[in-house]
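Put chains B and C on the given structure of chain A with help from the hints.
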Amino acid sequence: VPKRRLTLNPERLFEAVEPCRSIARRLYDSVRDLPILSPHGHTDPAWFALNEPFGDAASVFVTPDHYLLRMLYSDGVPLEDLGVPSRDGRRVETDPRAIWRRFAERYHLFRGTPSQLWLNHVFHDVFDLRERLCAETADACFDRIGEMLATDGFRPRALLDRFNIEVIATTEGALDSLSFHHAMAGTRWARRVITTFRPDDVTDASQPDFASNLRRLGEMTGEDAESWSGYLAALRKRRKDFAAMGATATDHGPRSALTADLSTAECERLFAACLQGKASAAEAALFFAQMLTEMAAMSLEDGLVMQIHPGAWRSHNAGVAAVFGPDKGGDIPSRTDFVGALKPLLDRFGNERALTIILFTLDESAYSRELAPLAGHYPCLKLGPAWWFHDSPEGMLRYRRQVTETAGFYNTAGFNDDTRAFFSIPARHDVARRIDCRFLAELVAEGRMAEDEAFETAADLACNLARRAYRLDRRDDA
Amino acid sequence: VPKRRLTLNPERLFEAVEPCRSIARRLYDSVRDLPILSPHGHTDPAWFALNEPFGDAASVFVTPDHYLLRMLYSDGVPLEDLGVPSRDGRRVETDPRAIWRRFAERYHLFRGTPSQLWLNHVFHDVFDLRERLCAETADACFDRIGEMLATDGFRPRALLDRFNIEVIATTEGALDSLSFHHAMAGTRWARRVITTFRPDDVTDASQPDFASNLRRLGEMTGEDAESWSGYLAALRKRRKDFAAMGATATDHGPRSALTADLSTAECERLFAACLQGKASAAEAALFFAQMLTEMAAMSLEDGLVMQIHPGAWRSHNAGVAAVFGPDKGGDIPSRTDFVGALKPLLDRFGNERALTIILFTLDESAYSRELAPLAGHYPCLKLGPAWWFHDSPEGMLRYRRQVTETAGFYNTAGFNDDTRAFFSIPARHDVARRIDCRFLAELVAEGRMAEDEAFETAADLACNLARRAYRLDRRDDA
Amino acid sequence: VPKRRLTLNPERLFEAVEPCRSIARRLYDSVRDLPILSPHGHTDPAWFALNEPFGDAASVFVTPDHYLLRMLYSDGVPLEDLGVPSRDGRRVETDPRAIWRRFAERYHLFRGTPSQLWLNHVFHDVFDLRERLCAETADACFDRIGEMLATDGFRPRALLDRFNIEVIATTEGALDSLSFHHAMAGTRWARRVITTFRPDDVTDASQPDFASNLRRLGEMTGEDAESWSGYLAALRKRRKDFAAMGATATDHGPRSALTADLSTAECERLFAACLQGKASAAEAALFFAQMLTEMAAMSLEDGLVMQIHPGAWRSHNAGVAAVFGPDKGGDIPSRTDFVGALKPLLDRFGNERALTIILFTLDESAYSRELAPLAGHYPCLKLGPAWWFHDSPEGMLRYRRQVTETAGFYNTAGFNDDTRAFFSIPARHDVARRIDCRFLAELVAEGRMAEDEAFETAADLACNLARRAYRLDRRDDA
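Protein chains in written order, with the numbering used here: chain A, 11 to 488; chain B, 11 to 488; chain C, 11 to 488.
This is chain A alone, in the form it adopts within the complex (with noise of 0.2 Å):
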C-alpha cells in the first residue's frame, strides 16, 4: 500500500488468524446490511424536519465533535482555533478550510483511535476519497466534501435512507417544544426520527437555573411545578408530550448513580429547598437520586424505557467551560459505584418485570464487579453499550468479555452510537457489528458455542436486542 492511500481493510477488526478471521467474515456478512437502529443519539431534529444541506468538512466534522476538539486541544491547539464559538468575545476562527488544515496536519494524533477508524470509513465509503487526510491533502479532501455536501444526495433524509436507518432517536430536554418533531408528524418521518425525554435541566438542583426551569416547565404544562405534586404532575405530561412524538424512552446523566426513596414529606422539604436555591451539593444530589426512583415510577406507569448515563464530570475544565460552554471535550470519567448507590431504586422496582432500565458506565471496573451481577439478576435491569470513550473496539471487547459471561448476551441492549456526528453513524455500527462479530468467532473457533447459535446471537446484536430493549416496535401504537 503506497503511503497516504486510503483503503479500507473488509476484514478490518476481526482477528487477522484463521479460522476466527472466517468465521467472523461469516457471522459479519449475515448482519451488516441489517437496518440500522438508534435508539440513543445526539443529532438535531432540525436537520430532518428542514432536509436543508449540510455545511462544509469543519462544521461537519470538527468544530462539534468533542473527540476531536479534546485531542486537539490537548497537542496545544486553542478551541477558538478550531472555530468554536466563545462566550468572551474573544476572536474564533471563521474560516473553514483554516480549521480544517489544523485538524488534517495533526490527523496522526489520531492514530489508534476510534475517531480515526469512524472518520477514515466516513471519508472512503460516503466521500469516496482515496488517500489518507493529512496536511499535504487537506485542501483536496476540503473540496471534495464540500462539492458532495451541496448535492441533494447528501441532505439529511436522503442520508437516512442511504444509511440504511430504520429509526433515530434524537435527544431533547423537558422544556423543549419538540417543534422540529411536530413538524415531521403525520409525516413517515415521524416513525423514523424519534425524540427522547431528557429531564436533567428540571432535575438537577445543582444548576442554577434550576428555578428559572421549573417555572417554564410550570407555564408550559399548566401544572404548579413550583409544588411538588404539581412538579410530578408536569412531569407526567411533559413525558406524554414526547411519547406523542415518537418518544420510547427516557434518558438521566446523573453524576453519579445514586437513588434515593424518601417519603412524600422529605421530598416536599428537599424539594422546597433545591427550588429556594438553599440547596447543598449533597442536598442536590439527594434531589436527583430521588427524582430517578419517581422517574422509575413513571416509566412502569406510561412504559417509557429509562436510561441512565452515570459518572461523567462535567466540564472539569473549568477555564474552558467558562470561555467556550460545555461539552467541549472536557468532561472526564470518574470512578462510579453501582450496587449501593442503585439499592434504593431496585428495593422498590427491581422485580418489576414491566420496567426496563437500562445502566450505562463510564468506569469499565464496574462491569465485571457490579453491572453484570446486577443485570444478571434483577429482571428490570440490561445494561446499554460500551459508552463514551469505550464506544470502541478494545472498549467493545472489553465489554464483552467482562459482561458476557455474568450477564449473557441477552440482558444486554445492543449497540447504541449515541452522536451527533451523523455521518459516522455507519461507521459506528459498523464498528460494533465487526467487534461482535469477532467476539462471536472466537466463540465458536475455541468450541465455547455452536456456529449456528453465533448467527442467531450476531443478528440480536446487531438489531433484535436494541428493539426489544427500547421497545421500538411500539412506536407502531404511537
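Simulated from the structure, these hints should not be mistaken for laboratory data. Just to be clear, a hint being listed does not mean it is correct.
The list treats identical chains as interchangeable, and a pair is accepted whether it falls inside one copy or across any two copies.
No farther apart than 30 Å at their CA atoms in a straight line, the calculated lysine-lysine pairs in the DSSO-like style are these [claimed, not checked]:
hint, residue 1, residue 2
1, K338, K250
2, K338, K247
3, K288, K247
4, K353, K338
5, K288, K353
6, K353, K247
Values in this document were obtained by computation on a predicted structure and should not be read as measured data.
Leaving out everything else, chains B and C in the frame of chain A:
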C-alpha cells in the same frame, strides 16, 4: 455440525491458532487425568455418608444452582416457577419436568457463560446426551438424565470414583454437628470427604441470631461462650472437632476484608455489645474484623489454613431474600479494599511463615493493584483462584494475566470449584486445566517460558499447589 | 530444546501467529538498534563518576533488587539470608555465593514474571550464559558472571557505550550535593548522565526528619528555609543547581495524587504547623498537595518537566521496614483517584501549553477511566509508561489497550526503565520495544493502522516521545 447436535470440541478453550493450540494440547494431555483435589466447596456430606441416588434433572441441575436461578430470574421467570421453596407459603412449582422445560426453553440465555460450558460438558460426558438442550429436546433430556440418575453408577460414592476425586472438602458452620462426617469416620471415605470450618454464624454479629448462636456454641463445647475468653476457647474446641473430621482449613465470608487488632479490653467491650445486640453496624463489622485476626492466631496454633472470601453484598435483593431466603442469585459483588483493610492482621502475623491465608476477591481491579503485590511479598499470603462470577474462561485468563507477573504462579493456591453442583465438578476442573494450559502455551509460544517449565507448572497448577496450600497431605495425620 | 538450555527466542513477545508476528518483526527490526533514552531511573551516579568495576553476581543482581527480594521473601526466605543489611544488628549473610544459591534454587518462582525475562536476557546476551539458572547451575553462573564483571569491558562507562545509552537520568534528593555529577561536569559523560530533582524529603512533612531536612536545605542555599517564602526560594535555587547538572525534570512520589491551591496565608500557616511537627496526617498530605502545585508553578518558570508517581503505600510491612529499611519489597499499591485530586492544580495550570506534567499510576483501573481522558484533553498532561509492577509484557499491553483509544500515542511519554538494576536496562527497553511493536502490528494486521504509520509510530515510542516529553534536547543549552 447440524443444528441441535451437542458436541464437545476436544481442543475447546485453547487458543484456536497454531502453535498455541498444539502446545496447549500437549500440556493439557499431561494433566487432564490427574486426580481432582477439591479443597473448597459446598457439596452435601449427606450424599457421601448415605450414598442415596440423586433425584431428577430439575432438582439436580436447576433448583439448587444460584447461577441458573439468577439468569432465569433476570429474564422474568419467578423463582416459584423454578421450584424454589418459599417462606411465605406461596404456591411453588412441584413438577420437575415443568421446571426443566422452563429452563430448557431459555437455554440460549446462557450462551457465552460458564454455566453453559459446564452443563454441556456434563450432558455430553456424564449423561451421554448428543442433542443440545432446547425446548424441543427438553423432555428427552429430562427422561434420559432421570434414568441414569436412578442407576447405581450415579450414586454419590460411585461418582467420586468416576470423577477421580481424590479429596473433596465440604463446608460446615461452627454449630454443625458434623454427623455425616462422623458417620464416615474410620471408613475409606473419611479421607476423601473432609469438612471445613466456617464460623461466620458465630462471628457475624450483624445476624439476628448471633446471641442464640453463641448460646448454642456454649452448649456444644461446654465453654462459657458468652464471655470473651470462653468464646475463644469454644472456637478453639470446635476447630479441633473439625480437624478431627479432616478439616485442613477454615473459611470466612465477611462483607469487606477489614481486619483489626484490638486490645483485650476493647475486645471484651465489643464482644459484650455484640452479644447484647447493641452493636452498631460499624461495631459488628469491627467485631468480624477482630475475629479474622483471632482466627489467624488460632491457625498459627493449630495449623488450619485460613480462607477469606470478602466482597459479596449478600441478599442485595431484599424482596427475593425475604421470600426465598439466601443464595438465590441475589448476591452482588462490591468494591473491596485489601491494602488498608488487611494491615492490622498483617502487622501482627504477616511475616509468619507457618501461617497460610488464602485470599479471594470478587473485585478484579484488586488483582494487579493489591492482591498480587501483597501475595508477592507477605510470606503468609496466597491467592485463591478466580472466584464465583470469575470462575470462567475469561475470568481465569484475567486472573493469570493480572496476577502472574507480580505474584508468580507459586503464590497461588491452585483451583477450587467452590460448588454444590456435584455433577459439574469435573467440568469445572477441566475448564481450569484447559485455561491454565492455554495461558502457559501462550508463554511458551511467545518465548516467555521454556516448554519443560510449562509442563512442570501445569501439573503444579492442576494439583500440587492446591495440595500444598491446603496442607492436604496432613490428612494422613488426622 | 533440551532442559536447562538457556535460549532467547528472537521473536519473543510478539504474537506467535502470522501475519502479526512478521509485521511485529519488521517494526521491531526498525527500532531495536535505536539509542536508549533513560529519562527516569535510579542508577548510582557514583558508578559513572568513578567507573569502578561492579562486584559479584549476588551484589549486582540479588541484594539490591526489590522485585527479587519481595518474591523470595514471600517464599519464606529471610531478608538477612539474602545479604540485606539490618538495622538491628542481626547477623546477615555475607557470602555472596550462598546468597546466589538461595536465589538460583528458587528461580522457578519467577516463571512468568518480567524479572525472569530481564534476567534471562542479561544472562544470555550480556554474560553469554547458555544454561538456565537453577540449583545445579548456580555455581557455574556465579563464577562466570564474576569473571566477566572483573574485566574492563564491564565497567560502568564501557557498559554505557555497549548498551547504547544516549542519556540516563539518575534521581537525587533535594539535599544531595550532586558531587558525582559535579565530578563529571565538563566531560563528555555530563551530557549522558544527568540528574533529576526529587524533593520528597523536603516536601513530605510526615517524615520524622522533615524539620531537620529544612534546616539543612537552608544551610545549602543560604535561604531562610524555615519561612514559607524562604523555603520556596531555597527550592528554586536547588532546582537551578540540578538543572546545571543536566536535570530536565523533577519527580514527586506522594501517597496520593492530591493537589491543592491554597492562599499564601493558608500556606504559611500550614508550613509552620509542618515545621513544628504539629501537622496531622491530613495536614501533612495537604502540604504535599500544595507543594505539587508550587512545583508546577516553578516548572512553568524554569522549564523542568514534572513527574508525579502517586499511589504506593510505602513500607506497608512495618516489621520489614523497621529492621531493613525502605525499598525492600514491602511497598504495596493502593487505589488512586486522579480526577478530583488533580483538579486544584489543573484549575490553575491545566491549560498551560508550556508546562509538562507526566503522570504515572499503580492503579490500572485509572488508565481508561481517568488518565487517558485527562491526558487526552489537558495540554499540560502526558502519561508516563506502565510503571513498576506493570512494567511487564501484560502490563504494557493493558496500558496500550486502555490508553490509546482515548489519549492516542502522542499524549504518552515513551518508555522509562525506572531502575537501579543497571544491567537490566537494555532488556527492559527491549521488552518495551517488542511489546509496542506487537501492539502496532496488531493494529496493522486488523486494518486499524497503515503499516507506514506504524513504522513512524514505533520510532516515536522507542525514542522520540521520550526525547520530546523530557525535553532532552535542552541538555545542549545546559
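So, going through the hints one by one against the coordinates:
1. When the C-alpha separation of K338 and K250 is checked against a cutoff of 30 Å, the pair qualifies neither within a copy, at 32 Å, nor between copies, at 38 Å.
2. For the identical chains of this complex, K338 and K247 are neighbours neither inside a copy (33 Å) nor across copies (40 Å), given an alpha-carbon limit of 30 Å.
3. Proximity of K288 and K247 under a CA criterion of 30 Å is satisfied intra-copy only: 27 Å inside one chain copy versus 49 Å between copies.
4. Proximity of K353 to K338 under the C-alpha cut-off of 30 Å is restricted to the inter-copy arrangement: shortest distance 17 Å between copies versus 33 Å within a copy.
5. Both within a single protomer and between protomers do K288 and K353 lie at most 30 Å apart by alpha-carbon distance, with minima of 27 Å and 26 Å respectively.
6. In this homomeric assembly, K353 and K247 come within 30 Å of each other (Cα to Cα) only inside a single copy, at 28 Å, whereas the closest approach across copies is 40 Å.
Checked against the numbered hints given earlier, the structure breaks hints 1, 2 and satisfies all the rest.
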